[in-house]
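> Listed below, chain by chain, are the residues.
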Amino acid sequence: MIKTKVVGLSIMASLMLGVAGAPMARAGSGDTLAAVKARGEVLCGVHPARHGFAAPDSLGKWSGFEVDFCHAIAAAVFGDASKVRFVALSSQQRFPAIQSGEVDVLARNVTATLSRDTALGLNFAPPVFYTGTGFLVRKDDGIAKIEDLDGAAICMAPGSTTERNVAQIFAARGLTYTPVVIENNKQLVDAYVTGRCDALTKDKAALPGVRAFDTEDPSAHIMLPGIYSKEPLAMAVRQGDDNWYDLVKWVTYATFNAEELGVSQDNVDEMKNSEDPDVQALLGVIGDNGAKLGVDNGWVYAIVKQVGNYKDIYMRHFGPYSPVALDRDQNALWTEGGLLYGFPMQ
Amino acid sequence: MTTISSQIATPAPTYDPHARISGTVWLKANLFGSIWQSLLTVIVAAGLIRFFWFVLDWGVINAVFYTTDPDVCRAATGACWAVIVEKHRPMLFGLYPYDEHWRLVLMMVIYLVTVVISLWPRFWNLRLLVPLWIFATLSIGALMFGGVLGLRYVATSEWGGLPLTMLLFTGTVLIGMPVAVLLALGRRAPLPVARGVSVVFIESLRGVPLITILFVAVNVFPLFLPAGMEVNKLLRITVGIAIFFACYQAEVIRGGLQAIPRGQYEAAQSLSLSYWQTTRTIILPQALRISLPAITNHIIAAMKNTSFVIIIGLFDILTATTAVMQDPLWRKFYVEAYLFVAAVYLFFGYALSLYARQVEKWIASGRI
Chain A
1 MIKTKVVGLS IMASLMLGVA GAPMARAGSG DTLAAVKARG EVLCGVHPAR HGFAAPDSLG
61 KWSGFEVDFC HAIAAAVFGD ASKVRFVALS SQQRFPAIQS GEVDVLARNV TATLSRDTAL
121 GLNFAPPVFY TGTGFLVRKD DGIAKIEDLD GAAICMAPGS TTERNVAQIF AARGLTYTPV
181 VIENNKQLVD AYVTGRCDAL TKDKAALPGV RAFDTEDPSA HIMLPGIYSK EPLAMAVRQG
241 DDNWYDLVKW VTYATFNAEE LGVSQDNVDE MKNSEDPDVQ ALLGVIGDNG AKLGVDNGWV
301 YAIVKQVGNY KDIYMRHFGP YSPVALDRDQ NALWTEGGLL YGFPMQ
Chain B
347 MTTISSQIAT PAPTYDPHAR ISGTVWLKAN LFGSIWQSLL TVIVAAGLIR FFWFVLDWGV
407 INAVFYTTDP DVCRAATGAC WAVIVEKHRP MLFGLYPYDE HWRLVLMMVI YLVTVVISLW
467 PRFWNLRLLV PLWIFATLSI GALMFGGVLG LRYVATSEWG GLPLTMLLFT GTVLIGMPVA
527 VLLALGRRAP LPVARGVSVV FIESLRGVPL ITILFVAVNV FPLFLPAGME VNKLLRITVG
587 IAIFFACYQA EVIRGGLQAI PRGQYEAAQS LSLSYWQTTR TIILPQALRI SLPAITNHII
647 AAMKNTSFVI IIGLFDILTA TTAVMQDPLW RKFYVEAYLF VAAVYLFFGY ALSLYARQVE
707 KWIASGRI
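If you're matching them up, the sequences are chains A and B in order. Read in order, the letters of the first sequence are residues 1 to 346 in the working numbering. Read in order, the letters of the second sequence are residues 347 to 714 in the working numbering.
Hints are computed from structural coordinates only; laboratory data are not their basis. Among the clues, some could well be false.
Listed next, with one range per pair, are the computed distances between beta-carbon atoms [to be verified]: (1) A:242 - B:540: 48 to 56 Å; (2) B:555 - A:39: 49 to 57 Å; (3) A:139 - B:689: 35 to 43 Å; (4) B:555 - A:114: 28 to 36 Å; (5) A:139 - B:699: 26 to 34 Å; (6) A:243 - B:469: 53 to 61 Å; (7) B:406 - A:226: 44 to 52 Å; (8) B:484 - A:37: 53 to 61 Å; (9) B:700 - A:227: 53 to 61 Å; (10) A:176 - B:501: 46 to 54 Å; (11) B:455 - A:267: 46 to 54 Å; (12) B:455 - A:141: 54 to 62 Å.
Ideal Cβ positions, reconstructed from N, Cα and C, are used throughout, including at glycine.
Looking at chain B on its own, in the form it has when it is part of the complex (with noise of 0.2 Å):
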């Protein structure tokens, strides 16, 4: 490789990458190569211009960054950052008790740690991760509800806030990952029972809008329990999501299945492998790495949908701070706090995205 394409570039002196070119020429070149390039080049830098000025004149210089009374950020001209100071307890944490709160930071303390740490090629290990998350999902099933070792007991109603979307998130993931894989699998199976099942499942759910599977695990699903039996709300709107994540993530993880060569399929059978071992070992691995990309895109959508659990009355980090910015003294200032709840979703879909896109260096260098 090297030497093939050494040799090629040497002899060609007649453009060198490397060379240095002038600023003017830079210019002439790319921004002002003819009048109507120019034109366009003056109009674009004077709306940024405009733009960056805007921003720095409302969101720094003329700011509020920390008052408690609404009136000094009504008389400022700029953004008032105060707002999140002042709300921030509800917009993060929503309902839960005012006192517990502590309980909620340790939570997401606990939650972060444990997820990084399985996110890590190098902690790939059983004998780590089952351990681990044995001792994050008990000790935060237990900061969570209470009703143990003296912590007050926190009904499922009264969660809230960010704590709230990393659950309904992971629970999507969790629940919805391996249910995809299964109905991928099974439209492809040989079995047409299978491949019947998976195909109606799919397509039905596929074809209604997220609200109306909401609906249905809210209002409906109860009328088809036994009298007094109840499950309890937020597992069954985390079940809906994480169906509904999973009939377009079946038809992602598909689209790899189908990108594997027949030979891959073949040589399996040569090898007299079953099945199972066939997909275990040779397909999904590959099949996976395929999709990956559109898994991840589809897993951060997800994670943007768990604000829909306002339909069971829970409050989320957006619907808290919907909620939270009625307050007729501070409400004037709901644009900052949406762009608070903003840069929170931003964080963390933008850290998902960073990590899927090293995943796919790893798959490259071979690493995984």
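The following block holds chain A by itself, in its conformation from the complex (with noise of 0.2 Å):
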């Protein structure tokens, strides 16, 4: 009987082998956007759950801010935002994905650095969003500054730049602190809430949400002021394919030049018909960016049309009626104040 068992067993292991054995196209060095084209998608490797920049809606489906950068690829590419494929990174494996060719795009919470730059062979576009690091506190404690911390025990996560940022701003300021280091997210702001800590730092947009939803009394707890070190997140690929990377740094641009020249998902189809030679040129109207570029020329009508342009993907992930509210401020237009500067589309 076990005998019996066995065999068809066997069987069925073989027969679930041959169905699952699909081969898939890959991009290796060399031409990403051709494989891309003759893939029919977009690999993009996404953060496997953080809240307004990529995780899984109600629904299962792909939302976030990062997510729209990866739709907004597509759109280029193929004129349909949905040719994307989502590829979920932790933090160990987002690099050697996109070195060995696992995903065209890494649009994951990537802070652009030299060495990354260099040593990890990537090149970043232009960030897409512009961050730091950020320390909530009790407001009972009387904590004003970053000086107050002094001796403080700090919640953290380990092996993120946060971790490093705070060594580098207590020692520049001679204060000393006792890192208490928690992998799990929700564990880590546990441990702040519950009191285990005297601070959490964090990535500073990610602390408004954890005030908003996970403290009892959020008026209770305050972020200090002040900016206390550089993490522009920005989309990376390969070293080594100019066009793709070109590619995808256009596809930036083109969502901060498409808010500055007033060009939004509501009134795309009217701008088309501006007369304004800079509009006429960004929606492909005139000129051949799109060629250029190697993708069709209304490539920039497809991103602002099925995604967005920069704003609108903004508001829809951080904006006011978003959960997890947050303001502009560096992410805000050159022309407002802040850091987006598309550079000309000519």
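Two chains, two frames, a set of hints: combine them into the complex.
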């Protein structure tokens, strides 16, 4: 009897192997754009679970700020924002994944730094989100500036740039602290909320959410004012494929420029009739920007129509009606005092 | 047997196990025998009452069972079971396209029916099982992948949730068990080469953490393949988990093999049975029976190892829950969501151990 079963099971196993072994086109070094077109979808590496940036929503669909930039690339390449496949990557996995060609582009909370640009063999598109290390503290403790945290216990996640930043911030000011390092995000936040540490340090963009949704009384907690570190989050591609890098770079600029020129998801169809030569060039009415990048000339139209300009994307995930509202601050256009400066698209 | 035991039992009236003992006597004997025992009883009872009261108070009386508004949950002092209702789809089915979830439900029904039938000795008959498994494999493959009969194609990278956990677990056991048996036999084989290969294989893989094997399967293995060729990641990780499973299981089975008396081998030899005949008909059936509890133990552990698929960015039921519970509106209620996942694991784990106990009974009664 047992023998019978084992034979049956082996047959089953071999059948399953046959079904599951379908090959998949992959972009190694070389012409990524051609590989993407041949495959019919962009492989985009994203954070597995960071609400606002990339996380599955209640329908199990990827949603978030960085997810939308992946959609924008797909819109530029295929004229169809849905032609993207998301690959969730842990922090340890993200760089091997882009290096090995498992993903075409990394839109995964990557801080652009010199060593990543060089030693890791990456190229960074213009940052899409400027942030920095922030500190959340209890109001009652009377902490108003970083110096007040001398000798404090500080909760932080391991292996992130935040951990190193905190060390530098404190060393630079001759302050001491006790790190409380916790991997799991929920446990990390709970450790602060239950009083195990005096301060919680995280990306500035993540702290308002913690304050609003994880504490019992949001008004009892404040974020320390000031900027303590630079964290420009940017999309990254493999070094050595300039055409693909150009495309990702100009997709980013296109979202900035569309906002600057007032071309948004709502009015993009009317704007196609605009007299402004910059708008006409942007939307591909005149010129051959698309052809130069190797995509359809209506690539920006497709991005703005299907995904939106930078403001549309930002407001969708961090706007006043989103659960975690964030002021634009540095993430505003240069014309409004921010750092977003799209190069001219001529 | 019966006559002897009744003869011994009847002439000894000093202790009658069936005599009625009054409640107070029982309490005194078992719970309040001495001052220390009484103290312990009171403390434990107080702890238990407190615990169950908490469970009742938090989990039932003050709990919110259904609402779509997270603020209702926030206002309540008890559990927020509504979070499970709100998020059950992505928790159970991960990133699989929402409109196609019915395919997964159907797949799970086919899967469970197939497994239940296959585990029942009454149906252990190749003429039934082979067509059944062919049907199940083809229909599950068609449902999961799509691309046929007008179903939309769904890549393995979008698979997720409970169906993924089930498939990985099944894959692990189906690939792992035969490998484990071969490794266990190899380790005790008369051929030095087979023995050496098995020992090196088992010891080297058993000596490294599962996560290392999976890292190799995911990141290192592709480097050895010719350019342009790729083996599906889900398959790679399944084989990785299965091989790890097989190395441990092989040692469990070896324990069973060693427990078989030498006389069994000699008897087989005296009947001039070949090595494979001996192994197949005499040694293995006994060895597997002996090691059954340990085998089951390991199979249940394997079910939980499947959550390592997060390494390749797939969302099994546990990872999907972690990801879904990042939603700031609902994430305060993550304990409830994890309790739900725990209940799902417990259901399958307990079903497996109940089945294993039944198999032991069948073995004891000589049915298999």
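> It remains to establish, for every hint, whether it holds in the given structure.
Each hint, compared with the structure:
1. A:242 - B:540: 48 to 56 Å: holds, 54 Å
2. B:555 - A:39: 49 to 57 Å: violated, 34 Å
3. A:139 - B:689: 35 to 43 Å: Distance hint for residue 139 of chain A, residue 689 of chain B holds at roughly 39 Å.
4. B:555 - A:114: 28 to 36 Å: holds, 33 Å
5. A:139 - B:699: 26 to 34 Å: violated, 52 Å
6. A:243 - B:469: 53 to 61 Å: For residue 469 of chain B against residue 243 of chain A, whose Cβ atoms are near 59 Å apart, the range 53 to 61 Å holds.
7. B:406 - A:226: 44 to 52 Å: holds, 48 Å
8. B:484 - A:37: 53 to 61 Å: violated, 33 Å
9. B:700 - A:227: 53 to 61 Å: With Cβ atoms ~59 Å apart, the hint holds.
10. A:176 - B:501: 46 to 54 Å: holds, 51 Å
11. B:455 - A:267: 46 to 54 Å: holds, 49 Å
12. B:455 - A:141: 54 to 62 Å: At roughly 56 Å between Cβ atoms, residue 141 of chain A and residue 455 of chain B fall inside 54 to 62 Å, so the hint holds.
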